[in-house]
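Heads up: the protein sequence lines correspond to chains C and U, in order. Under my numbering, the letters of the first sequence match residues 11 to 334, in that order. Under my numbering, the letters of the second sequence match residues 105 to 479, in that order.
Quick caveat, the hints were computed from the structure, so don't treat them as lab data. Please note: incorrect hints may appear among the correct ones.
[Said to hold, decoys possible] Distance windows between CB atoms, simulated:
id	chain 1	residue 1	chain 2	residue 2	range
1	U	E196	C	D60	46 to 56 Å
2	U	I176	C	H148	24 to 34 Å
3	U	I176	C	I81	38 to 48 Å
4	U	S380	C	G275	30 to 40 Å
5	U	P458	C	T211	32 to 42 Å
6	C	H148	U	E466	23 to 33 Å
7	C	A29	U	G131	53 to 63 Å
In this text, all values refer to a predicted model and were calculated from it rather than measured experimentally. Yeah, the Cβ is synthetic: ideal placement off N, Cα and C, and Gly gets one too.
Each chain is listed here by its residues.
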Amino acid sequence: MRTTYREAVREAIREAMRADSRVFLMGEDVGRYGGAFGVSLGLLEEFGPDRIRDTPLSESAFTGAGIGAAIGGMRPIVEIMTVNFSLLALDQIMNNAATLRHMSNGQIGVPLVIRMTTGAGRQLAAQHSHSLEGWYSHIPGLRILAPATVADARGMLAPALADPDPVLIFEHGSLYNTEGELPESIPTCDISSAAIGRTGTDVTVITYGGTMPAVISAADELATLGISAEVVDLRVLRPLNDATIMQSVRKTHRAVVVDEGWRSGSLSAEVSARITEQAFFDLDAPVMRVCTEEVPIPYAKHLEEAALPRPERIVRTARELVGR
Amino acid sequence: MTRASSKRAAAAQAAEPDFVQLLTPDGQRVTHPEYSVDFSDEELRGLYRDLVTVRKLDAEATALQRQGELGIWASLLGQEAAQVGSGRALREQDMAFPTYREHGVLYCRGIDPIMPLGLFRGVDQGGWDPIANKFGIYTIVIGAQTLHATGYAMGVAKDGKVGGDEGESVIAYFGDGATSQGDVNEAFIFASVYNAPIVFFCQNNQYAISEPLTRQTRVPLYQRASGFGFPGIRVDGNDVLATFAVTRAALDNARHGNGPTLIEAYTYRMGAHTTSDDPTRYRVASEVEEWQAKDPILRLRKYLESTGLIDEAFVTEVDAYAREEAVKLRERVLTLPDPEPGEMFKHVYPNGSPEVDQQAAEFAAYHASFEGAHS
Ligand SMILES: Cc1ncc(C[n+]2csc(CCOP(=O)(O)OP(=O)(O)O)c2C)c(N)n1
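For reference, chain U alone in the conformation it holds in the complex:
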C-alpha cells in the first residue's frame, strides 16, 4: 500500500457513512429534508411484529439446519430492517427478484415462509410460483437476477404499465459482492438506457463471504449509479422507516416512468454467510459488537416504547406470536414428504424429451427391481 492509499483507506474507515436515517440506533426519531414516513400507529406496530417474526423464523431455520433438517441456510440476521422496510414498500403489483437471502422480503410478499425451507430441505427445487407471487426464485449465481429483473422491467415498460400510480415497478436484490460482477454492471447499463422501471436494492452487509467491502470498491457503492446515469442513494439499512421511505420513493419514481434508482442499504450480516461458514476466520468480535449496538429491532422498540405506542405486554405478545409461528414452521418442516426419486426427471422439459424419458424409464425399472429390498 502506498502512503496516499493507506491514508485514503483510513479516512474511509473513520468517516461515518452519509445516509438517510429516520430512526437513530438509540431509537430517536429524526427528520430528513427529502424523506419521511406517514405510518399509522397500527402500521408501526405491524412493522415491529414483522421484524421480530422474520428474525425468529430465520433463527428457527438456522436451528433446523444445525439439527440436520436443512441442507444449508443463509441467515438474514441483522438485515431484517433492510428486508422488511423494502419488502413493505412494494405495492401489490410490484415484482421482486431476490438472491438467496431475502426470506424477509418473501415474508412481506405474503408467501408461506415454509417455501424456502422446503427448498433448502431438498424436498422441492423452488416451491413458489414467481409470477403469481410476484417474487422470483432464489438465485445462487451471483448477480444473474439483476439482469432478469432488468429485462422484466423493460417488458413492463413495453407493455405500457408505467406512467401512473397504478404502474408496476421491479426491485432487484443483490449484495455488495455482486456489484463487482459484470452482470450487475450490465444490468445498470440496460436499465439506464431503456429507462426501465426498476430499483436496484443493494444490501451492503459489508461482506461477500470473507471478503470485506474494500475488496469490491474504493467509492461508496451508491455513488456508482451516477456513472450509469441514474440516481443512487444510501440509506441506513438497519432503520426500517428510512428504508421504507427511500424504497417507496424510488419504486414510485420508477412506476411513474422516471427510470431506475440504486439504493445502497447500509447494514451488517450479523451471522455467518451461510451455515457452512465460520466468520471468526475473517472478522473480529469487536466489529460485530459495534453493529450489535445498531440493531434494527431494538431501535424500533425503543422508539415505540418511548412514544407509548407499545408496552411490555405488547412486546411479550409479539415474542409469543413469533415463537408460535416458529414452532408451527418447525413442525411443518419435519413432516414435509420426501420427493420420489423419479421426480428429478419431471421438470427438465415441460413435455418430456427422448433422452430424458428413456433414462427416466430405465431408472424406474431399475428401482422397481429393488422394490422391497431397499430403496
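Chain C extracted, bound-state conformation:
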C-alpha cells in the first residue's frame, strides 16, 4: 500500500489508540486543526476531545502533565510542534522524565512518548528549524528515535509506547510528504537496531532521519562515478547500535557521517569517535563529516539550502575519501 510518511505516523497513532484506551494524544492544535503538520487530521473526529487534547499554549505544562499521566498509568503521546519549542519543556524532559527511574531507585518509570518535528528545509528560520536530536541523544534515560522511512514512521510508535521509559520520536519536517510502500499487515518493528539503507563496498555513509534523501541521492550520484556507497540508517540515536556501523566500516574501510545537526559537539562527533575507538585499524582514511554550517538556520531559501548537508557536499567528501 502506497502511503506518505505523514499518513504512516497518523495510522500508527490511530492503531495505538484503538488498541489501548490508556493512549491519548495531547499538544497544541492537535484537535480540529489536525496538528501543525497535519499528522493528527481526522483523529479528533474518531476519538473525541478527551483523547485528542488541544492544550493551553505551554510546552512545559503539557510535557510535564504527560509525565504525570504516564506515572499514573496512562500512555500519553505528547506532540511538540517543533524541536525548537521543546526547549521550553527541556526541564521536564531532561530533569524529570529522564531521571525519575533513577531517582526513585527504579520504583517508577515514565512511559511517555514525545513526538516532535525537527529540522530545516521549509523556510521557517532560526527559531523553528534546528536539529537538536543530537542534544537529546546525550541524555541517559531517554530513547531517541529518528524514523527516516515510511516503514519506521509507521512501525516505531507501538514499541515506543510499550517501552517503560520515555521515548522521543523526531519526525523531520521535510519527510512528511515522502511516500513509500507499506505491507497490508504491519510487521513488528524494533527500536534498537540500525539498518542498512543500501549495500555498498567502497565507503559507508552514516546518517538518519531527514538527511536520508540527500544521502540516497548522493549514493546514486556516486554510483554513476563507479563508487559503491553503503548507507547506514541509524534509526535509533540513543542507544546507538554500534555493531551495524562497525560491520559496515570493516567492510568499506571508509566512513562519512552526515548529520543535519551542527558539527561541533554533535551526534556526528559521537559516531565518529566510536568508529575510531572500535574500528581504527580497519580504516583506510579518517572519518569525515558533513553537517549543517554552524550558523542559526537562515530564513532565505537559498541560504537555508546552502547551510544544510547537500548531496554535492556528500559526494565530494566521499570522493575525497575514496580518492576518485
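Dock chain U with the ligand against chain C, hints included.
Relative to chain C, chain U with the ligand alone:
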C-alpha cells in the same frame, strides 16, 4: 463537561464583555468615567489615515506572499485599532517589544514598513535597529519577549528613568495564547515584584492558531493581573480611541513609577493565523461576520463623517494615499537584493570565531569552484 461547567461556559459566551469603549461599533461616541481622549480634528483624521494605511499595507503583504514574493506573512487584519491605538499612545522615549504581528505598531513607530517584508522575504534576518527605533525585533517563540521587556523595564527603573513626565515606559505585546506560557506569567511576577515601568498589552484576538480563548482561560484575561498584584483592564480593541486612552494612561502610570498594568485589548483576528493557515478548519463564517460588524475602521469613519470632520473627498484621498503607499511598497520589495550566501556566517559572533570562520572559508572556496557554472 459537567452540567455546572457547561452552564458556566454558556454564561461566559452570552455575556457581552465588560470593557472600556469610547466609540461604539456604529460610530457613536460614548463617555467613560475614567478614560477620555482629547484629540484635535487633525489628529482624529490622522488616526483614520493610519488605520486605513496600515490595513492596506498589510493586505499588500498578504498579496505578495500569495504571489510567492514573501515566505510567510502574519496578517494584522482586524487588529488595526488595537495596534494603532496603542502604537500612537507610545511617547517617543518609550520602548516596545513586539511579537510577529505588530506591523501596525511598527508603522506608528515611524519605521519603514518595508522592514518586516524584507524579513519575511528572507533578504535579511530582522532589519531594524531595536534600540535606535525603540522597537524590538519580531519574536517567534511565544511569550519570550515579555521577559525581555520586563528586564528592559527593570533596567529603565534602575537607570532612574522613571518618576516624571519624561520617564520611559515599556510595552510588551503578546497574544491570548501566550498568556498560558510560563514566560509570560513569570514576566508578570518580575514586573510586579520590581515595580517595573511596563505595560503588558495582550491582543486577545480570540485564537491561538486554531485554539479558541476557552483553551487558555476560564476567567477574562485582564482579571489575571490582580493575582500578580497590579491592575488589569479590558478595552475594546476595535476602538482606536479607547485603546489609545487606556494605553496612554497605563504608560504614563508606569513612567511615573507606579508599576505595571495588564491591558487586554479585546479584538478579533479577521484573517488567517498566517498565510500557511486555513481558518475555515476551525471557525464558522457566522462568527467572522459578527466581528465584521465591529470593524475598527468603519466605526471611526462613521463617527468622523457624522461629526463632519471628514467627507467623501477625504475618504477617497486617504484610500488613494494608502493605495499609493502599497504600490510603492510592492515595487521596493520586488527590487530588494538577495543576500550573498556567505552572509549567513556574518552575524554568528561579532568578531568571528574559529569554527565559523573556517566553515565560512571552506564555503567560499567551494562556491568559488562553481563560479560561472551555476550558483
Ligand atoms: C513556544 C512556542 N510554541 C508554539 C509556537 C507555534 N505558534 C506560533 S503562533 C502560535 C499561537 C499564538 O497565539 P497568540 O499568542 O494568541 O497570538 P496570535 O498569533 O493569535 O497573535 C503558536 C502556538 C511558537 N511560535 N512558540
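Comparing the hints with the structure gives:
1. E196/U with D60/C: 46 to 56 Å: Since E196/U and D60/C have Cβ atoms about 52 Å apart, the given range 46 to 56 Å holds.
2. I176/U with H148/C: 24 to 34 Å: holds, 32 Å
3. I176/U with I81/C: 38 to 48 Å: holds, 39 Å
4. S380/U with G275/C: 30 to 40 Å: holds, 33 Å
5. P458/U with T211/C: 32 to 42 Å: holds, 37 Å
6. H148/C with E466/U: 23 to 33 Å: Since the Cβ atoms of H148/C and E466/U sit about 26 Å apart, the hinted range of 23 to 33 Å holds.
7. A29/C with G131/U: 53 to 63 Å: holds, 59 Å
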